[in-house]
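*Asks:* Same order as they appear, the protein sequences are chains P and E.
No gaps in the numbering here: position 74 of the first sequence is 74 in the numbering used here, and each next residue is one more.
No gaps in the numbering here: position 46 of the second sequence is 46 in the numbering used here, and each next residue is one more.
Just to be clear, a hint being listed does not mean it is correct.
Which copy is meant is left open, so a pair is good if it fits within one copy or across any two.
[Said to hold, decoys possible] Here are the computed lysine-lysine pairs in the DSS-like style, where the Cα-Cα straight-line distance is at most 27 Å:
(1) Lys33 / Lys10
(2) Lys83 / Lys33
(3) Lys45 / Lys33
(4) Lys33 / Lys8
(5) Lys83 / Lys8
Since the hints were made in silico from the structure, they are not lab data.
The primary structure of each chain is shown beneath.
2 protein chains.
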Amino acid sequence: AGDAQAGKSKAAICAACHGANGIAVIPGYPNLKGQNAQYIVNALKSYKSKERTGGNALVMQPQAAMLSDTDMENVAAYFSQMK
Amino acid sequence: AGDAQAGKSKAAICAACHGANGIAVIPGYPNLKGQNAQYIVNALKSYKSKERTGGNALVMQPQAAMLSDTDMENVAAYFSQMK
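Chain P with its partners taken away, still in its complex shape (with noise of 0.2 Å):
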């Protein structure tokens, strides 16, 4: 399981359009907030490896090619926890 704590710095991006409480700040972009950490994690590994395109894929493909498979876990638990 990753580091929640660890997350939240790496978090600061995220939080510029799904919002610093976990609910998205832009129309049509999800709410991460309680969201299953394992999901995030499929998530940001399919928009890394390209296969998840459609939709607004073309905005996280770039943002998860920064981050390596512990930065997901981590940012996975980060928002996971969030009430």
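Place chain E on chain P using the hints.
*Replies:* Only chain E this time, still in chain P's reference frame:
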């Protein structure tokens, strides 16, 4: 905007994995409770068009293929209004 009541009947099959209450019952699957409706529509369209691959996308592609645009709007309305 979609019709949440109409979406409820279409969403019975969704509940098998994503939970009747929108909290996923399978590890790694996303919670849909309170998710942004436009995001859910975007995701379903990307699955139907097979632009979205990776992760468990192969599970969702055939599900989304069975939904019309109106069905997608309705199902999205149903999950997004869950508290």
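*Asks:* Sort out which numbered hints this structure fails and list those numbers smallest first.
*Replies:* The structure conflicts with no hint, since it agrees with every one listed earlier.
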